[in-house]
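Asker: Here the structure of chain A is known, so what remains is to put chain B in place on it, guided by the hints.
2 protein chains.
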Amino acid sequence: MLPTAAIRFPQPGQLKVLFFDVNETLLDMSKLKKAVVTAFGDKSAFRQWFGLLLQYLLVDTVTERYHEFGVIANAALDMTAAKLETKPLKAVQKQKILALMTQLPAHPDVAQGLEMLREAGYRLVAFTNSTKFVLDQQLQYAGIMGYFEQGLSVDVLRRYKPQRSTYHEVARHLGVMPEQAALIAAHGWDIAGAQAAGLFTGFIARPGQELYPLAGPPTYHGKTLVEVARQMIG
Amino acid sequence: MLPTAAIRFPQPGQLKVLFFDVNETLLDMSKLKKAVVTAFGDKSAFRQWFGLLLQYLLVDTVTERYHEFGVIANAALDMTAAKLETKPLKAVQKQKILALMTQLPAHPDVAQGLEMLREAGYRLVAFTNSTKFVLDQQLQYAGIMGYFEQGLSVDVLRRYKPQRSTYHEVARHLGVMPEQAALIAAHGWDIAGAQAAGLFTGFIARPGQELYPLAGPPTYHGKTLVEVARQMIG
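The listed protein sequences derive, respectively, from chains A and B.
If you're matching positions, the first sequence starts at 10 in my numbering and goes up one per residue.
If you're matching positions, the second sequence starts at 10 in my numbering and goes up one per residue.
Fair warning: there could be bad hints in the mix.
Identical chains blur together in the list; that is why a pair holds if it fits in one copy or across any two.
[To be verified] Calculated lysine-lysine pairs in the PhoX-like style (CA-CA distance at most 20 Å, straight line):
#	residue 1	residue 2
1	K96	K40
2	K96	K232
3	K52	K232
4	K99	K25
5	K105	K52
If you are wondering where the hints come from, they were derived from the structure by calculation, not from laboratory data.
With the rest of the complex left out, here is chain A (with noise of 0.2 Å):
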């Protein structure tokens, strides 16, 4: 069981800007993963690379160095190999599967929910680890792209999240406190870092994601958007 007693609420009003974490948390990756597991023959394969691009943007961030997503994405397949103990993939097969990140689906419950938050109120931000040129795309294809005041990437900054200061960072950019933010993440490390910069939190448990045990509790904590939606609107 979660730690509820710890769990600390916004006042009425307090909460302004909602940033949405979008690989995952909006997005449906299971073409991508498809192609992964395909590309490898190992049904781990997904599961292992996207953990090694997140092990090695963390690597960069605690060793003061900065590659745009993509190359390090493109890094951890060759990783992912060697981790498999197979050979690398060709040129040619890593451009199709990176090409995916572009042409993923929203989840079902993605347009009802921010439909919901933006009736209510809220400023509505995308903030992700991707580029801000493969993040409009992102939102294109998804046709979710209406629904947002703007869409950030930590290019701008070259520091990823969690880092602390990635999110005071979007958060001075929106001209709002971090207490006056939130993060909706699919991710425990994203959720645990904006706890960490003073953020509340919205955690949606999608299939295979887990929240760091290590960490507090989230504001909100569901398994769809729409979910969340319901718990914020209250």
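Answerer: Relative to the frame of chain A, chain B by itself:
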């Protein structure tokens, strides 16, 4: 191919201290791997678990938190269950698995490699993300404690490898400059961190281990510690 042209070698006599990563680098984790795979009934479970462990100690680092390695290892077992969409392990199962961390044999090449390097006049230091308490038990069990001048843990710094300052602190503790030290490890992230901190590096390509393609090449590179030691002694 690695860009060999970019490899930086020490001048004769420059290199004084060799830091050794412990888990996977010196110790064979097969026993632990088998236990995790059996407990979850999934052949990818060990890679998944160890990947999450490494990912979340990085999350702690960038969110300016600290939990002991064993505490994160325990949490990562729960996260692995969520990732695999299976039931969490019972507390007693987790304890049994984690206890194996201190009952791992050294890889067969390790004693010979350490002997060669000690005879060549290097100061040998074990340097791990595990606690000092666990480290001492590990070196004792594996019968390799006698090779080391000392064993150091990140726990006194409360800041994990591969954060740059972590390597700097241990070099200072040993009374050497970063460029008088080398890190020997089987992990791409550890090599990348030591490089970023200005140390020389030796990568042991244990099966399923990989370099980070976006970091520079290591100074030394072999399949066993004996191979790496031969290169260092020249």
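Asker: I want to check one pair: K96 and K232. Are their C-alpha atoms no more than 20 Å apart within a copy, between two copies, both, or neither?
Answerer: between (37 Å within a copy, 18 Å between copies)
Asker: Cα distance capped at 20 Å. Does K52 pair with K232 within a copy, between copies, both, or neither?
Answerer: For K52 and K232, the Cα distance exceeds 20 Å both inside one copy (24 Å) and across copies (28 Å).
Asker: One pair to classify: K96 and K40, alpha carbons no more than 20 Å apart. Within, between, both, or neither?
Answerer: neither (22 Å within a copy, 26 Å between copies)
Asker: Go through the copies and call it for K105 and K52: within, between, both or neither, with a Cα cutoff of 20 Å.
Answerer: Close inside one copy (19 Å), not across copies (28 Å); limit 20 Å.
Asker: Please work out whether the CA atoms of K99 and K25 approach to 20 Å or closer within one copy, between two copies, in both situations, or in neither?
Answerer: Neither: 46 Å inside a chain and 41 Å across chains, both beyond 20 Å.
In the structure shown, a violation is registered for the earlier hints numbered 1, 3, 4, in ascending order.
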